[in-house]
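> Here are the chains, one letter per residue:
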Amino acid sequence: MIILNEEQVATVQAHLASAGLSESLSAELLDHLCCAIEARMEEGADFPTAVHTTLKSWPIRHLRGIQKNIRFTTKIKPMIFRFTTAAALLAGIVFMSPGFSPSPVAEVTTCTSHHNEEMLYSLTLPEKFEPPSASPIAGVEMEDILSCGYGMRTHPIFKVRKFHRGIDLKAKSGTPVLATADGKVIFAGSDGKYGITVRILHEDGYITVFAHLSEHIVERGDHVILGEKIAAVGSTGMSTAPHLHYEVLKDDKPVDPLALGRALPAGATEG
Amino acid sequence: MYSKELIKGTLRTVILRLLDREGRLYGYQMSKLVNERSQGNYQLSEGSLYPLLHKLVKDGLLVTETETVNGRSRRYYRITEAGRAAATDRREEFRRFVLTMRTLLDLQPE
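So the sequences go chain by chain: B and X.
Residues in the first sequence are numbered consecutively from 1, following full-length UniProt numbering.
Residues in the second sequence are numbered consecutively from 1, following full-length UniProt numbering.
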């Protein structure tokens with residue numbers, strides 16, 4: 001029985017990563033693709049040929065289509081259903097109400113169905129990017145390992161009141177650092193006081209910054225997906241102990257990373 | 001090979017029945033089994049299989065179990081009691097449908 005080795009799996013993963021799928025779907029499809037490739041290899045094809053034939057029927061467009069389709073059937077369709085039910089109920093209440101006269105009801109119903117249709121379009125076409133709200137450390141909530149929050153604080157080295165542009169998360173040196181949303185690496189390397197740093201550009205003008213790393217795994221230009229390992233915690237640059245300095249910028253202005261999980265930001269805060 | 005419309009209308013019934021018989025399967029295994037049992041006539045596309053599986057999970061007819069196999073994480077789908085009930089209902093409905101179609105289309109058993 002043929003089983004793909006790590007390097008071969010990584011080749012397939014790279015293809016999936018370029019589609020920018022959610023982590024769980026990506027893992028599921030990775031297994032599916034690997035099984036299909038293994039089956040082709042069992043039939044006598046070599047790895048490059050098997051990969052080529054398998055991936056040919058799985059173009060990026062197709063992969064994104066699956067994700068969109070899942071989102072539509074599991075989230076948007078029920079939402080439309082609920083909306084329609086609510087509208088029908090409302091119409092029913094209006095209809096049953098004692099002060100009912102036929103003409104305004106007709107208006108209400110046509111108006112609702114029109115809105116419903118509009119809602120369907122606005123929901124299916126553009127996919128709203130959700131701001132990066134995941135934790136950069138696997139399996140740990142940011143709040144639980146927070147050593148220094150966002151905002152004004154006394155600087156640990158300079159001992160003066162300074163604005164802290166991000167949050168500090170306690171973690172051992174070498175702990176994997178994960179991408180907190182899909183995006184593209186725009187910087188990976190040494191950056192003065194920040195030490196080894198990775199910067200990722202996301203949709204909607206969001207940038208995430210990971211600083212004081214011991215190493216970076218991704219390189220500039222790489223596309224990363226939510227939950228992908230990008231670096232390891234360290235204490236490079238101006239740092240007193242191993243920790244992760246994590247920043248989220250919206251249109252180049254820092255925002256509180258912890259606030260993103262709770263509610264949508266009302267805009268960038270003062271820097 | 002059957003038309004997209006026929007596959008689309010029956011995929012849920014086929015997958016539920018398959019899981020009702022087997023208990024637990026992963027995505028690739030399902031498409032392989034269906035393909036084999038239909039001698040390649042019923043070809044389901046992954047583009048419709050995965051959205052359906054996720055929908056069935058959301059509806060409580062299936063649950064997922066993730067395991068590491070050959071160094072990769074593999075997501076198994078297991079049928080729930082509600083899923084078994086749905087599988088039986090749909091299969092029964094389809095049986096009646098086939099009989100109706102036989103009359104409507106004037107089909108003679110071969």
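It should be emphasised that the hints constitute simulated quantities derived from the structure, not laboratory data.
Take these hints with a grain of salt, some might be off.
In the DSBU-like style, the derived pairs of lysine-lysine whose C-alpha atoms are separated by at most 30 Å in a straight line are [said to hold, decoys possible]: (1) Lys250/B x Lys229/B; (2) Lys55/X x Lys229/B; (3) Lys58/X x Lys250/B; (4) Lys58/X x Lys75/B; (5) Lys4/X x Lys229/B; (6) Lys253/B x Lys55/X; (7) Lys193/B x Lys58/X; (8) Lys4/X x Lys68/B; (9) Lys55/X x Lys77/B; (10) Lys75/B x Lys8/X; (11) Lys58/X x Lys229/B; (12) Lys68/B x Lys55/X.
Simulated coverage check for chain X against chain B, where a stretch passes if three residues somewhere in it have a Cβ under 8 Å from a Cβ of chain B [stated by the list, open to error]: (13) 3-17; (14) 48-58.
Quantities reported herein were computed from a predicted structural model and do not represent experimental measurements.
Beta carbons: idealized from backbone N, C-alpha and C, even for Gly.
> Take the hints in turn and mark each one as holding or not.
Tested hints:
1. Lys250/B x Lys229/B: holds (22 Å)
2. Lys55/X x Lys229/B: Measuring from Cα to Cα gives roughly 29 Å; hence the hint holds.
3. Lys58/X x Lys250/B: violated (33 Å)
4. Lys58/X x Lys75/B: holds (9 Å)
5. Lys4/X x Lys229/B: Not OK: lysine 4/X and lysine 229/B at ~39 Å, beyond 30 Å, violated.
6. Lys253/B x Lys55/X: violated (39 Å)
7. Lys193/B x Lys58/X: Since the Cα atoms of lysine 193/B and lysine 58/X sit roughly 47 Å apart, the hinted pair is violated (cutoff 30 Å).
8. Lys4/X x Lys68/B: holds (19 Å)
9. Lys55/X x Lys77/B: Status holds; Cα separation ~10 Å.
10. Lys75/B x Lys8/X: holds (20 Å)
11. Lys58/X x Lys229/B: holds (28 Å)
12. Lys68/B x Lys55/X: holds (13 Å)
13. 3-17: With 0 residues close enough to chain B, the hint is violated.
14. 48-58: holds (count 7)
In this structure, the earlier hints numbered 3, 5, 6, 7, 13 are contradicted, and the remaining ones agree with it.
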